[in-house]
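Engineer: This is what each chain is made of:
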Amino acid sequence: MAGSSPQAAVCAEQTAPPAILRMERIVKSFAGVQALKGVDLDVRAGEVHALLGENGAGKSTLMRILFGAMQPTSGRIVLEGIGPVVVSGPRHALAMGIGLVSQELSLVPQIEVAGNIFLGQATGLALLGRPKLRREAAKILAGIAPHLSPSARVSSLSMAERQVVEIARTLARGGRIIAFDEPTSSLTPAERDGLFATIRRLKSQGKGVIYISHRMPEIHEIADRITVLRDGSVVACGTPRDFDADELNSLIAGRQLARALQRTDRPRPAGTMTTPYLRASRLSTEKLHSVDLTLHKGEIFGLAGLVGSGRTELVRALFGADPLRGGSIAIGGRTVALRGPADAIAAGIALIPEDRRGHALVPMMDVERNIGLASYGRLSRFGLIMGAARRAVVDRFIRELSIRPGRAATAVRLLSGGNQQKVVIARWLARGADVFLFDEPTRGIDVGAKTEIHALLRSLAERGASVLVVSSEIPELLMLCDRIGVMRDGRLIRIIETDDTVTEASLVRAASGED
Amino acid sequence: ADSCAAYPTGTAESIDSSAVEAKFGAVPAPKRDLRFAYVTKTLINEFWQGVAAGVQSEAGKYNIKVDIQAAKDESSLVDQLNLAQTVLSQKPDALLLSPQSDTNLAPVVESAKALNIPTIVIDDARTEGASTYVGTDQVAIGSKAADFLHSLYPGGGEVAQIEGQAGSPNARKRIQGFTETLKKYPDLKLVASQPGDWDRLTALNATSNILRQNPKLVGVYANNDGMALGVFEAVANAKLEKQVAVVGTDGISEAKKSVSNGEMRATVAEFPFDEGVLSVQMALRLLACQPIPPWIVSPQAVISAENVGRFPNPPAFQN
Amino acid sequence: MTSDTAPRTTAVPAPPAGTGAAGRGLDRVRKASVAVGCVLLFAVFAALSSSFYQPSNLVEILLQSSINAIVAVGMTLVVMTKGIDLSVGSIVGLSSMVMASLVGHGIVLAVAAGIAVGIGCGLFNGVLIAKLKLPDFIVTLGTMSVYRGFALIYTNGQPIYGIDRGFRAVFAGEVAGVPTPVLIALAVALVAFLMVRFTALGEHIVAVGGNEEAARLSGINVDRVKICVYAMSGGLSALAGFILVARIGAAEPIGGSGFELQAIGAAVIGGASLFGGEGNPLGSLVGAITLGAMRNGLTLLNVPSFWQFVATGAVVILAVFADQVTRRKR
Amino acid sequence: MTSDTAPRTTAVPAPPAGTGAAGRGLDRVRKASVAVGCVLLFAVFAALSSSFYQPSNLVEILLQSSINAIVAVGMTLVVMTKGIDLSVGSIVGLSSMVMASLVGHGIVLAVAAGIAVGIGCGLFNGVLIAKLKLPDFIVTLGTMSVYRGFALIYTNGQPIYGIDRGFRAVFAGEVAGVPTPVLIALAVALVAFLMVRFTALGEHIVAVGGNEEAARLSGINVDRVKICVYAMSGGLSALAGFILVARIGAAEPIGGSGFELQAIGAAVIGGASLFGGEGNPLGSLVGAITLGAMRNGLTLLNVPSFWQFVATGAVVILAVFADQVTRRKR
Ligand SMILES: Nc1ncnc2c1ncn2[C@@H]1O[C@H](COP(=O)(O)OP(=O)(O)OP(=O)(O)O)[C@@H](O)[C@H]1O
Ligand SMILES: Nc1ncnc2c1ncn2[C@@H]1O[C@H](COP(=O)(O)OP(=O)(O)OP(=O)(O)O)[C@@H](O)[C@H]1O
Ligand SMILES: O[C@@H]1[C@@H](O)[C@@H](O)CO[C@H]1O
Ligand SMILES: [Mg+2]
Ligand SMILES: [Mg+2]
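Residue numbers (our numbering), protein chains in the order written: chain C, 1 to 515; chain F, 1 to 319; chain R, 1 to 330; chain L, 1 to 330.
Only chain C is shown next, with the shape it has when bound in the complex (with noise of 0.2 angstroms):
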């Protein structure tokens, strides 16, 4: 199929300015299943060259390649000056000035912002000399998010902040080639706009840069040329302007996708809106300062903020993940204490978190037990399983949210990013509740799935369920939502109503406290 697609082919034949890199007919089989069949990519100097594909197309195979942390089948890699290649791992690549953002985080927790940044650039017995390393980092972070401190630990950033830090290491190397797979996904639009105008002044260093993203409005704000995967082949190749948007999301997705929901669209159940369900007062943690909240029965509340205003820590406390230091929370009227999550899942509530990997995936179980991880009461007498039942749900939800593979017994850790994602919220949705709590729910996910999400979210609220969702996609928030709490540092500031008065840059001006 990739071979035949004509775009594809206008593609191998553009090689005006020559390219610094060039993969050629890389494939990559996994004990039988083929991941990527043959894929051949180029990057020229000073170009972004976006990478696009539903989830599981082999976007991040390709990167992982490319940078040496897994073999090829077959297929080479050229270099421009080299020639062609075997990158034999991650150290070859670094030192070929090959540089990769990688999806899924990987810092250590254990060591400073600035340590993580420079891990690996000396070796043995060298002096650190950590003042000045600060003092570089800190350099390297003011593009992009200059409020984070360069000896800050790790273990202590929110997502946002780990995947601010896991950009600075790739650029804190330099290199000529640097692939970003989905850097945003935890980002706000204020950092993003950094790193765009980072990735602006790295083209015009004459740079290669490849950029992955499920946003579209992003690849159209900085994609020179575009390459579409699908199920491990190139399905077209060109520029932004070569393709409208639509085309563009059925390409990706392989199908006509329904237009997007319009929030007005959404029936509202008689009377829902304004029966209050879970109220929580005063509600005070290390980080949270005296929050009041209600969510009301089939709404759909959206929570926005800037990294680290607290948006997470308020669903942690909802969920009794975190100990409070004040407040209560009521569900229908009856105060509940939540000694722990076991209670509030009792109590009806659900947790969608926001790190997938650290948060909610047990990596050694498979796809079926994750998945079921949250409804053993449903789903087990007097202790056994009953795996006929839970294979039915299971293969319900990875139907509905098209998971692939769609092999109930793939081992999770085997799935790509935006899969895994699919899973977390299978969870959740196959246990049920009355409240639910996304935290980023489509942090990762493709266009087509994102959609698909958006309605289920949708039907949960129609079904009178209450549903907050923490989103740093603003544009993602007002469509979905009914209202929108804007948080800074700890406070939930302001709640606003969405109507088509609200736009993204009052809801961003709210955050950032600039009003």
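Check the hints yourself; a few may be wrong.
Stated by the list, open to error - Listed below are several chain L residues computed to face chain R (Cβ distance under 8 angstroms; list not exhaustive):
no., residue
1, Ala43
2, Leu128
3, Lys133
4, Val139
5, Phe150
6, Ile153
7, Gly157
8, Gly258
9, Ile264
10, Leu301
11, Val303
12, Trp307
13, Ile317
Since the hints were derived computationally from the structure, they do not count as laboratory data. For every residue, glycine included, the Cβ atom is placed at its ideal position computed from N, Cα and C.
Fit chains F, R and L with the ligands to the given chain C structure using the hints.
Structural biologist: What follows is chains F, R and L with the ligands alone, placed relative to chain C:
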């Protein structure tokens, strides 16, 4: 406070424990309240409990207070060294020691010497420079076991040995005595010599395995009684009680019982209780300035069905 | 420590990205291949010693491995939750002393009391670890010493002899030519395997070991799971202690010392990862048999004592290596 | 194990949910609080025994802790990479036998040879673990046995007596009233601490233990780091062996047995995590002193032998508990 050196020199090399009284007279009773300390290898072993019981009982007679301490197990050299140093820092009137090895308590003996505190080493590792050593000849124990098997099987046969913990001095010497003496009896063939680690289960398993490879086996010597009891279990499981003679070492009560029941054939006994008694007496003698020789040879005897009745059990140890 | 980083791969280095395996089918084969090292070992010994391969010797090997196998199954469950239990040997000692002191009053009572002591010790470990959040290594290093002390104090250091014949027949007898310890060990490993595989508790064990925070956020009572595995480890140690007593015909306060390393060894040879989430009670059984066969074979070959140290160590490493190589091949 | 619950923060940006602490300053205090259990222990013993607090006894405690401290520092480095080294005790035995056999030919030669043996043993461990990807627990369980066997075979089980006076003066003498083993242990802990804190290698050790994948993706030569820590652990074991030989004036083939658990204990009490990335050589020094002081204090109080088992275990657990409680308070 004592006016003489607790480390007499220039006397005879060794003296049999039964001859001490004749040569040096009755044990001199202490003139003041004394406090002794005994640091042993382990108390998780009936043999060493026996020594401790002897020490306790004899000290009790003279109203001497004894602190008894033991290392974690039979191989922790440093743990015992540290223990003994600490005990010595309390300046007991006499220090009784059963070292893990021939060397690990040497520094303690050295420091004690500097303080003129007598050190009595009790069976079976020796420490150079100590005031005296109370113990039996470990090599002779192994020889006696070989002799005994020879007396059972003058016509020869296949025998095996279950060894104590590798590297421990008493195991080394007993193995040496047994193997060397066997050479005198060319018809008694040592077909297997395997580790038993002083452990009953290990000895049991090893013996089962040896029996399999050597179905004609007629005898097994185990370096101590705990292992010998395990060896007998293996022999009994194989229903070879009649064919295979089991010989142990130590003379602990359960082994004697086994011998008198006609199970184990013999144990080459040391007399741990007596060793404990003797060592307290030697301490008193040293404190009374008697020129005690550097080795008090304590008794050993082959206990078999014929004579087992003549060896009653001494009182037990109180922790 | 940090729940926040890369999921730990197994200690038996799980195939990193890029290894030829995908999916569960292959995983299964790979798991089963724990036996490769074991089989190889058997082949080598059989070639070297004619006695080795005789059926009665094979049964003997199983018998000699059974105590370790039972302890190793308990250890495996603990290790699967990312814990460790160094106190197993001391629990063997203490519970067997208590049992032996009561066996005159009836086997059932004595066994019940012994098991209760074992479970009690395990519960105590579990509570300190789960509730007080003390490090498992330190807690069980401590109770290893404490329980041993109690075993000694209980009879003032004296062994208990003259164990009831009936008791010995149950725990070290034979049924149809198969020693009961072997049957018990098989049953224990099988039940544990089924539990891990088919019950909610089994999956909770894997989940707690695989990602504790994920388990907690999924509503699993992490503390209870942890306490539970330590209790099971304690109970199984007691059971192993009974077999020990029945086999040697006496209860010794020192009984069981050194069992912890043996059991961890069997578990790891059997595929368990000390970093949690991985382990298989049947694999640990095979691990224990590997160790037992090795000891048996070396004795049959009459390898001299000092060389046995060398051989033992070398064989353990080679067995795991052989296993590893064959895994990679596939 | 437990530090999961409270991710350590160093950052000005507020700490993670649930921890009572804020900011970097407090974190430091908390780290230092490893000493709390130790200090408490000293206080209790001082109150109970008049001999305990005498300066000479305090020096004695340091002396008695020094061997374990040195081994524990090496172990800490290994544990920080998420490894484990069970072979340390056997390396102590083997390297000290080789050294002692050569000490007649000159101290420098003998020491060099002994250290070379120690490092060699460590390298062998490291290569099997890093290059062949065999599980660290099994490799070092195996070499624990192999190296011990070689130590026994080397002189056919005989100790080597009559160690050179000059050698003894260096490794168990005094300088200005302070025993040289104490000085050596302090120097080792300090150098290791500085290495961990200020050199690239130190950071790589943390990185490999904290997130091996991250370390690899950062271009760190993970294999080399691993081999390096095992070699250092081997070398330090040899050094500890020299002190042992110098203290007792002889080399014993069974020297060092049981050191592994002691050293891991000291490391964990000192704040190391068996799950990698956490550990502090100075903390391990304090851990070793805690263990040494405990044994010393219990002996001075003349706790009866069997009760010492109980007391030892209880004190270890309580020391860690006290530390934990004070950490939480803050
Ligand atoms: N180590 C592995 N073993 C088996 N299959 C793997 C392995 N790594 C990746 N895969 C499979 O390869 C396919 C491609 O995965 P990849 O991570 O490259 O997708 P992706 O395009 O990056 O997706 P996403 O947008 O979700 O990140 C997926 O089906 C995945 O399950
Ligand atoms: N899962 C977590 N567990 C513990 N602490 C966390 C977690 N997530 C965040 N934190 C801490 O809480 C602080 C507040 O960040 P939080 O994640 O709540 O903000 P946020 O508004 O959700 O921003 P982000 O977009 O970064 O998630 C972070 O700096 C971090 O120290
Ligand atoms: O364990 C044994 C005892 O049984 C006794 O034989 C003396 O030597 C030992 O150490
Ligand atoms: Mg990806
Ligand atoms: Mg967040």
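Engineer: Take the hints in turn and mark each one as holding or not.
Structural biologist: Each hint tested on the structure:
1. Ala43: violated (20 angstroms)
2. Leu128: Holds - the Cβ of Leu128 (chain L) comes within 8 angstroms of chain R, reaching about 7 angstroms at its closest.
3. Lys133: holds (4 angstroms)
4. Val139: Check passed: Cβ of Val139 (chain L) comes within 6 angstroms of chain R, closer than 8 angstroms.
5. Phe150: holds (7 angstroms)
6. Ile153: This interface hint holds because 5 angstroms falls under the 8 angstroms limit.
7. Gly157: holds (6 angstroms)
8. Gly258: violated (10 angstroms)
9. Ile264: With a closest approach of 7 angstroms, the Ile264 (chain L) hint holds.
10. Leu301: violated (15 angstroms)
11. Val303: Not OK, violated: Val303 (chain L) not within 8 angstroms of chain R, min 10 angstroms.
12. Trp307: holds (6 angstroms)
13. Ile317: holds (4 angstroms)
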